[in-house]
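Colleague: Model the full structure from these sequences, guided by the hints.
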Amino acid sequence: MEETMVTSAKVSKPRRTKRVQISSLLASAPMAIVAIGVFVVCVGYSVVLSFTKSRLFPNFNWVGLDQYERLWGTSRWIVSVENLFLYGVLFIALCLVSGFFMAVFLDQKVRFESGFRTLFLYPYAMSLVVTGLVWQWMMEPSLGLQNVVQRMGWESFEFAPLVDPQYAIYGVLIAAVWQSSGLVMALMLAGLRGIDGEIWKAARVDGIPTWRTYLFIVLPMMRPVMITSVVLLAVGVVRVYDLIVAQTGGGPGMSTEMPAKFVIDHITARGNVGLGMAAATMMLLPVLLVIGPWIYREYVRPTKH
Amino acid sequence: MEQIQLTGPHGPKPKKTTVSRLGVYAFLFSAAVFFCIPLYVMLITSLKGMPEIRLGELFSLPGDPSFAAWVKAWGEACSGVECNGIQTGFWNSVKITIPSVAISIILGSINGYALSFWRFKGSNLLFGLLLFGAFVPFQVVIFPLIIFLREVGLYGSLTGIILIHTIFGMPIMTLLFRNYFSSLPDELFKAARVDGANFWQIFFQIMMPLSIPVTVVAVILQTTGIWNDYLLGLIFAGRENLPMTVQLNNIVATTFGVREYNVNMAATILTALVPLAIYLLSGKYFVRGIAAGAVKG
Numbered sequence: 009m010e011e012t013m014v015t016s017a018k019v020s021k022p023r024r025t026k027r028v029q030i031s032s033l034l035a036s037a038p039m040a041i042v043a044i045g046v047f048v049v050c051v052g053y054s055v056v057l058s059f060t061k062s063r064l065f066p067n068f069n070w071v072g073l074d075q076y077e078r079l080w081g082t083s084r085w086i087v088s089v090e091n092l093f094l095y096g097v098l099f100i101a102l103c104l105v106s107g108f109f110m111a112v113f114l115d116q117k118v119r120f121e122s123g124f125r126t127l128f129l130y131p132y133a134m135s136l137v138v139t140g141l142v143w144q145w146m147m148e149p150s151l152g153l154q155n156v157v158q159r160m161g162w163e164s165f166e167f168a169p170l171v172d173p174q175y176a177i178y179g180v181l182i183a184a185v186w187q188s189s190g191l192v193m194a195l196m197l198a199g200l201r202g203i204d205g206e207i208w209k210a211a212r213v214d215g216i217p218t219w220r221t222y223l224f225i226v227l228p229m230m231r232p233v234m235i236t237s238v239v240l241l242a243v244g245v246v247r248v249y250d251l252i253v254a255q256t257g258g259g260p261g262m263s264t265e266m267p268a269k270f271v272i273d274h275i276t277a278r279g280n281v282g283l284g285m286a287a288a289t290m291m292l293l294p295v296l297l298v299i300g301p302w303i304y305r306e307y308v309r310p311t312k313h
Numbered sequence: 019m020e021q022i023q024l025t026g027p028h029g030p031k032p033k034k035t036t037v038s039r040l041g042v043y044a045f046l047f048s049a050a051v052f053f054c055i056p057l058y059v060m061l062i063t064s065l066k067g068m069p070e071i072r073l074g075e076l077f078s079l080p081g082d083p084s085f086a087a088w089v090k091a092w093g094e095a096c097s098g099v100e101c102n103g104i105q106t107g108f109w110n111s112v113k114i115t116i117p118s119v120a121i122s123i124i125l126g127s128i129n130g131y132a133l134s135f136w137r138f139k140g141s142n143l144l145f146g147l148l149l150f151g152a153f154v155p156f157q158v159v160i161f162p163l164i165i166f167l168r169e170v171g172l173y174g175s176l177t178g179i180i181l182i183h184t185i186f187g188m189p190i191m192t193l194l195f196r197n198y199f200s201s202l203p204d205e206l207f208k209a210a211r212v213d214g215a216n217f218w219q220i221f222f223q224i225m226m227p228l229s230i231p232v233t234v235v236a237v238i239l240q241t242t243g244i245w246n247d248y249l250l251g252l253i254f255a256g257r258e259n260l261p262m263t264v265q266l267n268n269i270v271a272t273t274f275g276v277r278e279y280n281v282n283m284a285a286t287i288l289t290a291l292v293p294l295a296i297y298l299l300s301g302k303y304f305v306r307g308i309a310a311g312a313v314k315g
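If you read the protein sequences in the order shown, they are chains A and B.
Each residue of the first sequence is one higher than the last, beginning at 9 in the numbering used here.
Each residue of the second sequence is one higher than the last, beginning at 19 in the numbering used here.
Hints are computed from structural coordinates only; laboratory data are not their basis.
Be a bit skeptical, because a hint or two may be false.
[Stated by the list, open to error] With a straight-line Cα cutoff of 30 Å, these simulated DSBU-like cross-link-like pairs (lysine-lysine) come out: (1) A:Lys117 x B:Lys302; (2) B:Lys302 x B:Lys113; (3) B:Lys139 x B:Lys208; (4) A:Lys209 x A:Lys117; (5) A:Lys209 x B:Lys302.
[Said to hold, decoys possible] Which bits of chain A does chain B cover? Going by a derived footprint, with three or more residues having C-beta under 8 Å, they are: (6) 32 to 39; (7) 44 to 54; (8) 192 to 199; (9) 270 to 278.
Beta carbons are placed, not taken as given, at the ideal position from N, Cα and C, and that holds for glycine.
Modeller: Here it is as C-alpha cells:
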C-alpha cells in the first residue's frame, strides 16, 4: 500500500490525499466504534431499558415512567441521593479549602517542599479500596483511634463514626478527603507557580498584606484551576462506589448508600434491571446537562482550524 | 523534582525566623502527620501479632516485629472458601494491567494523532462523544456491556476485562495524546507530507519518537488507574481473574471467627505497593498525568 502511494504521489496529487485519508479513517475506526458503540448506543440502550419491566434479563415490555415512579418512592434511593449531595458538597468544599491552604503554605519558599508534596499526594496513588480498609481499621470502635485517646485519659472521647448511622457518612468523608485533597494541592500549586511575579511586586509596592493578595487577587486569577479541580472531584463523587463497599458496605443500615451502589446492586444481586437503569439515567442527567454544553463549546464546535 | 531554585540571590533577603514562619511550618508538619498516620498504622499493624493488636495500642511500635502476617496475607489468607492468599489476585492484576495499558496507549496515541493532523468530517464530533465518555458514570454503560460481552462469549474472561479497560481508558488516553500532538509545530507534519510520507510513516517515524515523554505519563496514569480499579474487575473479570483489589476486599470481608487485622493490613499494603512504588519513582510525571485529564488543547 505504501509503495503505490509513494509512486502515485507524483502522478496525481488529489488521489494521494484521498488514499491517505482512507488510512486515517481506518485508524480512527476503534475510536469511532467506542465513541458511538459504547458512549451512544450503550447509553441509549440503558435509557431505553429504564422504560421497561426488565428484571434479571432485558425485555421490552414498555411501562412508561413506572420505574421512575417506583424509584422515587424507594427509600433506599432517596437516602442514596441525599447522601450523595451531603457527601459531594462537603467533599468538594473540604478538598478545595485544604488543597488551597496546602498549596499556599507550600508556596512560601519552605524547605523540604518536595518532601511535603510527596506526602500530601501519595494517598491519591492508592486505590479507594485500600483507603476504605485503612480508615475502617482506624475507626474501629474498640481497638482504633477512639480507644487510644480514651486510654490517654480523655474517657468521654468518641470517634467511631462507622458504627453510628448518623455519622457514618462523615467517616467516609474523612477517608475520601484524605485520599483526594492532595490532588487539589498539586493542581493549585501548579496554578500558583503560573502566576505572574509582577502581580506580587505590585501588591507589595501597594502595601497589600500577603493574605489579602492571596484571597482577593490570586484566588480569582486561579478560576480555571478551581474549575478543573471541581470537575475532577465531581466526577469522583458521582462514581463513588469502591470506597463505600470497602469501608462501610453501605451501612450501618442504609446510612452510607450511594446512587452508584444502588445501580450496581440492582443490576447484579437484586436482578431488577429496569429500576437500576432508571437510577442510572437519573445519574446521567446532571452529567449530561453540565458536561454536554461544555464539551460542545470547547471541542466540537471549533472546526475552523 | 521541578527545577525551582528558591533560595537564589534573586529572592528577598533571608528573613529572621518570625512567628508567621513558624506557623507555616507548624501547618505543614501537622498536615504531613495527618497524611502519614494511615500509612504508619497500616505498616505497624501488619508487623504485629494478634495478641499485641488486642492490647489496643494502635500507634505503638511493634514489640517484636515480624513479617508472619505478610507471609500469610500473600500465600494463605482466605477469601471465601479458597485460602491461597492475595498472590492469585496479584498475578491476575498483572495479567490484566499489562495488556490493558499497552493496548489503550497504542489506540489512544493513534486516535490523538489522527485527531490532531488528519481531521476528517465528523472527527470533532467523535472526539466530543469520546470525551463525554470520560465523564459518564460507569453505571450507565455497564449493563449493556455485560449483555454485549455475554453475546460474544467474553463475559467473565481475561480478554473481556482487557477490552473493558481499553474502552474506558480510551477517552483520557486520546485526550492526552491529542493535546500533546496539537502542541507540536505544524511545520513538522507539513514537511513530512511534502516529502511524501503517508499516515503510518509519519506516525511511526516522526510522531512516536517524539511522544516518549507523554507516553511515560500515559503508562503511569493507566497502570495506577487499572491496578486500582475495583468495580470493573469485580463485574467483568470473572471468578478466575479477579484483580488484587477485589480479592483484598474479599479477604478482609471474610471472617471465620477472629478478624486478623495484621493479615488484613499486610494484604492492604501489598495491594497498595505497586501504585505506591510507581508514584514514588515517577515524581513529576505523576503530577503531569493528573493535570492531563484537565488541560484542554
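Colleague: Now tell me if each hint is right for this structure.
Modeller: Results of checking the hints against the structure:
1. Proximity of A:Lys117 to B:Lys302 is assessed by CA-CA distance (about 19 Å); at most 30 Å being required, the pair is judged to hold.
2. Note on B:Lys302 and B:Lys113: the hinted pairing holds, with a Cα-Cα distance of about 27 Å set against a maximum of 30 Å.
3. Taking the CA atoms of B:Lys139 and B:Lys208, the gap is about 20 Å. The hint holds against a cut of 30 Å.
4. A threshold of 30 Å between alpha carbons decides the hint, and for A:Lys209 with A:Lys117 the separation of about 16 Å falls inside it, so the pair holds.
5. A hinted pair counts as satisfied when its Cα atoms are at most 30 Å apart, and A:Lys209 with B:Lys302 qualifies at roughly 29 Å.
6. Closer than 8 Å: that is the beta-carbon criterion, and the segment 32 to 39 of chain A has 6 residues meeting it against chain B, so the requirement of 3 holds.
7. For the segment 44 to 54 of chain A, the stated coverage by chain B is satisfied: 9 residues place a CB nearer than 8 Å to a CB of that chain, which reaches the threshold of 3.
8. Beta-carbon proximity to chain B at under 8 Å applies to 3 residues in the segment 192 to 199 of chain A; the threshold of 3 is reached and the given coverage holds.
9. Judged by the Cβ-Cβ criterion of 8 Å, the segment 270 to 278 of chain A is covered by chain B as claimed, because 4 of its residues qualify and three suffice.
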